[in-house]
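The task is simple: from the sequences and hints, build the whole structure.
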Amino acid sequence: MDLLRKLLSNNRTEKRTHMEMNVYSSLEKNMEFIENQLFHSSDLKWRSIRFNQLEGLIVFFESLTDQQRIQNEIIQPIEEKREGTVDKVITSLEITKKSDLGEVPHALLQGKCVLLFEGTVEVYVVDVTAVYKRSILEPENEGVIRGAHDGFIEHLMTNLYLVRNRLMNPNLVVRYYQIGKATNTKLALLYMQDLANSDLVKEVDHRISSIAMDTIFSPGFITELIEDNPYSLFPQILFTERPDRVVAHLMEGRVAILSDGDPSALILPVTFFSFYQSPDDYHRKWMVGSFIRLLRLMSFIIASLIPALYIAIIGFHPEILPENLIFSVKSSIDRVPFPPIVEALIMQITLEVLREAGVRLPSRVGQTIGIVGGLVIGESVVRAGLISYPMVIVVALTAISSFVAPSNEISLTTRILGFPLMMLSGMFGLIGIMFGVLFILIHLCKLESFGTAYFAPVMPLRMKDLKDTFIRFPIWSLNQRPHDPHPKRLNQERNSREWEQDDPGKE
Amino acid sequence: MIPEKSRISQGQFMFIVVQSQVGVGILSLPNKVQAIAKGGGWISVLIAGLAIQVIILILCALCKQFPSDTIYSFLPKITGKFLGNLLCFAYISYFLLSAGTVLAKFADVVERWVLQGTPRWALLILSLLTCMYLAIENLRVIARLFVISSLTIIVMVVLSLMGYVNVNFSYIFPITEAGWGKIVKGASESLFPLVGYEIILVTYPFVEGKSGGKLKAASLGNMLITLFYAFEVFTCLLIFSPAVMSEISEPLLYMLKGFSFQLIQRIDLIFLSLWVFVVSTAMVSWIYMATVGLGRFFHRGEHKKAVPYAMFILFILAMMAQDPSISDFYDRMLKIGHYTFVVGLPLILLCFTYLIRKRRT
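Read top to bottom, the protein sequences are chains W and L.
Note that the working numbering gives residue 199 to position 149 of the first sequence, counting from 1, and the numbers run on in steps of one.
Note that the working numbering gives residue 149 to position 69 of the second sequence, counting from 1, and the numbers run on in steps of one.
No lab work stands behind these hints: they were computed from the structure.
Quick caveat, the model's predicted, so the values are computed rather than measured.
Just so you know, even glycine gets a beta-carbon here, dropped at the ideal spot from N, CA and C.
It is possible that part of the hints are untrue.
What the hints assert, rightly or not - Partial chain W-side listing against chain L, Cβ under 8 Å, derived:
no., residue
1, Glu369
2, Ile370
3, Pro372
4, Gly479
5, Ile492
6, Val508
Right, here's the structure in full:
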């Protein structure tokens, strides 16, 4: 058994092979070593220079470095001065001396350029990384009416800038990680030193640094590698492309993970209700915001339950409906050859196909989808007597309400949850739905991610946190942080409207 | 000792008691009580609640002697190993039988009211699987769900409040029509729908805090449930005339069947659906009580492993109860079991422990 385990796990223990070796004094030997290490890749370029009467080489990847900067910051000053100390001559911000030749290829791959001199056993590594990035735009899938319209992009430094710029606080800590043995993806872990629970930070740190995988190309990978319950349908880590959302969550004592090359930040630990909070709620008057949030949560229930309820009522207990309603519904259903469950499945799957097609299709062909989906499937299917009108209404309602959720992940989950519930209601009617709902509730109260109950503050119940769950209380009454991420300081402030206290006219 | 992970707060303890007590009995209780105590049936329920309060006092006093033991670990300490283990098995069978009866009655009602055509085994499997999913968890998770599902009780009360549109107060007068003797007899009848507080015996050591607080929580839970039951019985007594009442076995549902909203015509179906929650939680708590014992004997304290075969036993029990003679047998056994294991034995054990303590000091 032990042997087997060893055989299976031997890949995991293997560390990045890194051989320590000194820089040769001969320029040619050094160059040969570097070229061999990088397998004579064609985009590896070098240029010879003379400094302090020594032959030298500048080695760099033309694909990764900004050649304008090499020209301005290294070559030009060296050509002008011709002698002196390298550190002083070069005008770049970041220069490091290395005596280990083994590190050089790695540095080159990070977009740095390396200066080598004949007879010197040290190399200079200068940061001249090229930055090609798109501009900061509003994230398309998380738009808001009011509030900030900037969003993360694929460049880690820009994203960090967006967060730091909003949260100018020395307590904001950023930790870098490099994961993925082959891809060397750069990650940043962000948290507030004085708020985030240190056990949480330690746990996240531990899980990130123990990821053993060679390719990490999306934050989805990271989520799957660090989440607690991989077999659950519910998303346990919140994806967002909005810096304001990240800042709000950081200030609640949560932790955010940003990764280079992807515009989405991961926020953890989150509760079910975080997926239904949107920055929009806080830009509106609190009553309006509460109304809209309630609407969103209602839409969760509608999207997952309505098809099932419809099947149960039509198939098992039509007597629940008032008489005149039964007649109008029945007259439409009687022409349909399928039982309601088959009808519902056909329509739900068609809907999912349409949705997926809509994502892939280029916008020029998008109109076709509208016509095919709206006219052909919506109208003709009823005319042909395949599906009943009420069913089309039910499916449309489901689709629309599932898209209300401000997070794409939860909206998919909602619709998928509908399928087992539909099956149950097809077999057991209302009782089946109730057992299904009970099962989901049990599942929700079992889930815990990073020590936080997923369905907090409802299960376990904490009245104070309900202030910002189903409805949003006025900002000035939210003087405590939510308890679920176990922040170090729970109280935010005592009284936000201090002017009311100071008012001299009021005794 | 009790691991940190399965500790529960006193509030949660209260809801555990509440959810364990509300079960299948509520639907038929008004009919049974009315048959004995006539218009004073709701007083019977209150008396039963008081009686249970006394039993809770006894149980808490007993558990207090062994603050970190469940009944399964302190029974052998009091009575010696052999007798103690034997008694533990008796308790386990009592709990399993209770769970089986709840399940059987639940299936009966659902078959009669909602799903006439559905095979019984399918319904049993559905409910057992759902219960199993919760029962394998530690007490903390179970308690979380119990707290939330207590909301359904509030909805049930609101639904029955609608009955007050057409009440007739003359039905309950004179209150002592049947005489106090009958009312007390009715109380003994209404004791059984209220069982479930035995959960104290198993969960007591998991609760945080001092014994006084625990007692308070359990009593409060019992009080809430007694009031809820008394309210439902009272409502039914006001709505149905004594003559009609004897004809209908589930007055509560009949009462709701009569009302209608604009959009929903059959409120009884809504009520029954909510009742699914309540019954499942009651079942889970019985299963939990039984499997903690089984886990202690056969699985080194992991009650989780005992759940699957406990489910199988329940399935068989509930399938057998289709025959009315067998379900009557279950009822009789439960009555005996209740008086011996929950009332008699704890009292004896309590006196016993006091005597032992006194002799030692």
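* To do: Under 8 Å, Cβ to Cβ, is where glycine 479 of chain W needs to be relative to chain L, so tell me if that hint holds or is violated.
  => holds, 6 Å
* With chain L as the partner, please determine if proline 372 of chain W meets the hint condition of a C-beta pair closer than 8 Å. => Check passed: Cβ of proline 372 of chain W comes within 6 Å of chain L, closer than 8 Å.
* Does isoleucine 370 of chain W pass the interface hint, meaning its C-beta sits closer than 8 Å to a C-beta of chain L? -> holds, 5 Å
* **Restraint outcome when isoleucine 492 of chain W is required to lie within 8 Å of chain L by C-beta distance** => holds, 5 Å
* To do: Return the status of the interface hint for valine 508 of chain W: holds when the least beta-carbon distance to chain L is below 8 Å, violated otherwise.
  => Holds. Min distance 6 Å.
* Report holds or violated for the interface hint on glutamate 369 of chain W, using the least CB-CB distance to chain L and a cut-off of 8 Å. => holds, 6 Å
When held up to the earlier numbered hints, the structure conflicts with none and fits them all.
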